[in-house]
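Let the sequences and hints guide you as you build the complete structure.
Number of protein chains: 2
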Amino acid sequence: MIAGSIDDEATMAIQSTPETIQVNGTTCEPADENDRILSIQSHVAYGYVGGKAAVFPLQCIGYDVDVVNTVNFSNHTGYERFGGTRASAEELSSIFKMMDEIGLLSRHRLLTGYIPNAAALEVVKELAQKLKSRNPHLIYLMDPVLGDSGKLYVSQDVIPIYKEMFSFATIITPNWFEVETLTGVPLLSLSALRNALSILHKHVQHVIISSIPLQPWLSKVLPETMQPPASTDNQQAYLLCISSSRTIGTSSHSAVHARLVPLIAGYFSGVGDLFSALTLGHFNPSPTPSDSKPHSATQTPLSFAAAAALHKTHSILEFTNAFAARLPPEDRTSTDDELDAAEPVRKLKRMRGRELRLVQGQHILREEWREGQGKDLQFWDGFWDSV
Amino acid sequence: MIAGSIDDEATMAIQSTPETIQVNGTTCEPADENDRILSIQSHVAYGYVGGKAAVFPLQCIGYDVDVVNTVNFSNHTGYERFGGTRASAEELSSIFKMMDEIGLLSRHRLLTGYIPNAAALEVVKELAQKLKSRNPHLIYLMDPVLGDSGKLYVSQDVIPIYKEMFSFATIITPNWFEVETLTGVPLLSLSALRNALSILHKHVQHVIISSIPLQPWLSKVLPETMQPPASTDNQQAYLLCISSSRTIGTSSHSAVHARLVPLIAGYFSGVGDLFSALTLGHFNPSPTPSDSKPHSATQTPLSFAAAAALHKTHSILEFTNAFAARLPPEDRTSTDDELDAAEPVRKLKRMRGRELRLVQGQHILREEWREGQGKDLQFWDGFWDSV
Chain E
1 MIAGSIDDEA TMAIQSTPET IQVNGTTCEP ADENDRILSI QSHVAYGYVG
51 GKAAVFPLQC IGYDVDVVNT VNFSNHTGYE RFGGTRASAE ELSSIFKMMD
101 EIGLLSRHRL LTGYIPNAAA LEVVKELAQK LKSRNPHLIY LMDPVLGDSG
151 KLYVSQDVIP IYKEMFSFAT IITPNWFEVE TLTGVPLLSL SALRNALSIL
201 HKHVQHVIIS SIPLQPWLSK VLPETMQPPA STDNQQAYLL CISSSRTIGT
251 SSHSAVHARL VPLIAGYFSG VGDLFSALTL GHFNPSPTPS DSKPHSATQT
301 PLSFAAAAAL HKTHSILEFT NAFAARLPPE DRTSTDDELD AAEPVRKLKR
351 MRGRELRLVQ GQHILREEWR EGQGKDLQFW DGFWDSV
Chain X
1 MIAGSIDDEA TMAIQSTPET IQVNGTTCEP ADENDRILSI QSHVAYGYVG
51 GKAAVFPLQC IGYDVDVVNT VNFSNHTGYE RFGGTRASAE ELSSIFKMMD
101 EIGLLSRHRL LTGYIPNAAA LEVVKELAQK LKSRNPHLIY LMDPVLGDSG
151 KLYVSQDVIP IYKEMFSFAT IITPNWFEVE TLTGVPLLSL SALRNALSIL
201 HKHVQHVIIS SIPLQPWLSK VLPETMQPPA STDNQQAYLL CISSSRTIGT
251 SSHSAVHARL VPLIAGYFSG VGDLFSALTL GHFNPSPTPS DSKPHSATQT
301 PLSFAAAAAL HKTHSILEFT NAFAARLPPE DRTSTDDELD AAEPVRKLKR
351 MRGRELRLVQ GQHILREEWR EGQGKDLQFW DGFWDSV
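From first to last, the protein sequence lines are chains E and X. Counting in UniProt numbering, the first sequence runs from 1 upward without gaps. Counting in UniProt numbering, the second sequence runs from 1 upward without gaps.
Source of the hints: derived by calculation from the structure; they are not laboratory data. It is possible that some hints are incorrect.
No copy is singled out in the list; a pair is fine if it fits within one copy or between any two copies.
[To be verified] Derived DSS-like pairs: lysine-lysine, alpha-carbon spacing no greater than 30 angstroms straight-line:
1) K349 / K151
2) K132 / K347
3) K347 / K97
4) K347 / K130
5) K347 / K151
6) K97 / K151
7) K132 / K349
8) K349 / K97
9) K125 / K202
10) K202 / K132
11) K125 / K349
12) K375 / K125
13) K97 / K125
From a predicted model like this one, the values you see are computed outputs, not experimental measurements.
Following this line, the structure appears as structure tokens:
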């Protein structure tokens, strides 16, 4: 400890006005509890998934983040082996209870990610319900972490609990597989996509489908202005990010925005966790939360936040991918289950080389975000037509 | 997840030279495992002590930090009540074991702080021993967290283990009370201070005493150039930070540097954790680790790192204190055990208002540090004379 414990008057020059504090020439804004996020997700010692992919980026853009760890693992499960423990429902409950009793529970912003099992998720559900009942304007981004690319990586019994939690959520950020799992609708056509969004919007005002591969059915219905550039290599795959905001208290359809980004080949972990965190970090609803009409000519608060999150996440991925491409050959092998099985260390090295380069790319995270830089999501005119 | 799992060639423009990678115009340095730190200390959901005070600052200055949590609490113990659990020795052991097996253990830099009990500390000791035996150039900063201001806040049985661990440590950063506890020498005179440093240097090359109150005995022996400015308010208290580097393999005395900073009144938690992290982050030993001669005319690598850490820590404290001073009166009460006992929420509010403002003051953490800005530690000429 450097400071002693003598407690009397402050000793250095402080000049202040009602709005700012000046200490030795540096401005210090007064507390804004709106700049505090309670984040509940996994922790790994090494690498960047869950809280390790979410907390530092949110701190970089100015949030105090309260960090509750749902697991404490050595590394992410992509390495196939890991050590450590899951937090029990009782542990989580005791942490939330104490934070509540001594007035440390964030009233404004809540972020939840990977929760290991149904009992723990029930505890998080109760917390979300409590916070929402205390503050109807709570901004709760729920990332319903279930799986990816057709594979569940949680137990089945969390699915109904996530559905029950929809009514407390402000924003949800499922990937395409999670949308299918939560709605029961395979995303194979525009009408299926509309159907899935309608189901989710019954309970949640703001929905982002973080990534849908640009398959032929989607390519066919995508507005011309959102299509890949004509010059594109035919082999290049794309992912579509869709934001959909419903105006509360009306029967009108949601405002849908979308943007295509090139798929960066290779499996990178923590990308969804980073995207969700940045979405919450950049989300600033209108003063009246029921008002989700465009806050500029063409954007909603959600499409604005999604654009910032998509741009920064994609830039971090490019940065990471470029790093991985420069590693010695043995650290940047391609995914090949047979070769991996024959030589287990092969996969470990590849995984290590693909950990997100958040620290080295922190200038990307800290970029000030404005509309109109050519990276906005575009309004999908006519999305709901002919329904 | 945004990225899919198709795995073939990278898709974006990468221009590279042997030393750097350029992605879309941004430079990306190749991996440097020397820029990775394994940090082992406490975790709290709310507020900034232990890992929460150490990790973000190290990330801001460019380190990948691997984070192993020795406890998972709701908040720091200054709030008097807290929820959560301590990691068992078995849990810590399983995490280290897995990290080792899959090649994720940092080879270059290790930081340890609060370890809850002797069994857990034994596990950390074994780890430090293993890392040191694998890499004799390991930079291990051990903060022997025992207590402060005359009070132990760990159990007695960790003390002998910390002493056994000295031989693996590169730098230790005890406060004055921890120096007294570890050496058995009450710091009441210059010769006692010399004696304590000699005892610690028997095992450790670099010692920082992070803060000693400027009591009359110390004031009397302090070189004139280090004394408080003559204009100073007589009521202003000061703390001295001392760095002491021994040259390995010689019988000569250590090079001692020091700097005085004004005591900022009030009890702030996490300050020592922040200071230790920044010291390790700014420590760059000479290419030959046995060479700790001044790397400039007047500085050692240790005095350089201590100056950076002291300046940044003190600036964050000033920033935090200025913030606390602007809170409503009920959130910035003075320390008064009787009033606190009568109205428990009084202390909670004060604690909350004094959480370090690391996020809001991150520009301070990121400042590039150079010698000669008037904030260096000064060489204490004649410190060992007349011994």
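Hints and how they fare:
When the C-alpha separation of K349 and K151 is checked against a cutoff of 30 angstroms, the pair qualifies only within one copy, where the shortest distance is 23 angstroms, while the shortest distance between copies is 46 angstroms. In this assembly of identical chains, the alpha carbons of K132 and K347 lie at most 30 angstroms apart only when taken from different copies (27 angstroms versus 43 angstroms within one copy). With identical chains, the CA atoms of K347 and K97 are at most 30 angstroms apart between copies only, with a shortest distance of 18 angstroms across copies and 41 angstroms within one. For the identical chains of this complex, K347 and K130 are inter-copy neighbours only, at 25 angstroms across copies versus 43 angstroms inside a copy, given an alpha-carbon limit of 30 angstroms.
In the homo-oligomer, the alpha carbons of K347 and K151 lie at most 30 angstroms apart inside one protomer (19 angstroms), although the nearest pairing across protomers, at 49 angstroms, exceeds that limit. For the homomeric pair K97 and K151, the shortest alpha-carbon distance between copies (29 angstroms) is at most 30 angstroms, but the shortest distance inside one copy (34 angstroms) is not. In the homo-oligomer, the alpha carbons of K132 and K349 lie at most 30 angstroms apart only across protomers (23 angstroms), although the nearest pairing inside one protomer, at 44 angstroms, exceeds that limit. Proximity of K349 and K97 under a CA criterion of 30 angstroms is satisfied inter-copy only: 17 angstroms between copies versus 41 angstroms inside one chain copy.
Proximity of K125 and K202 under a CA criterion of 30 angstroms is satisfied intra-copy only: 19 angstroms inside one chain copy versus 55 angstroms between copies. Within a single copy, K202 and K132 get their C-alpha atoms as close as 18 angstroms, which meets the 30 angstroms cut-off; across copies the closest is 59 angstroms, which misses it. In this assembly of identical chains, the alpha carbons of K125 and K349 lie at most 30 angstroms apart only when taken from different copies (27 angstroms versus 38 angstroms within one copy). Proximity of K375 and K125 under a CA criterion of 30 angstroms is satisfied in neither setting, with 35 angstroms inside one chain copy and 51 angstroms between copies.
For the homomeric pair K97 and K125, the shortest alpha-carbon distance inside one copy (14 angstroms) is at most 30 angstroms, but the shortest distance between copies (34 angstroms) is not.
Of the hints listed earlier, the one the structure fails to meet is number 12.
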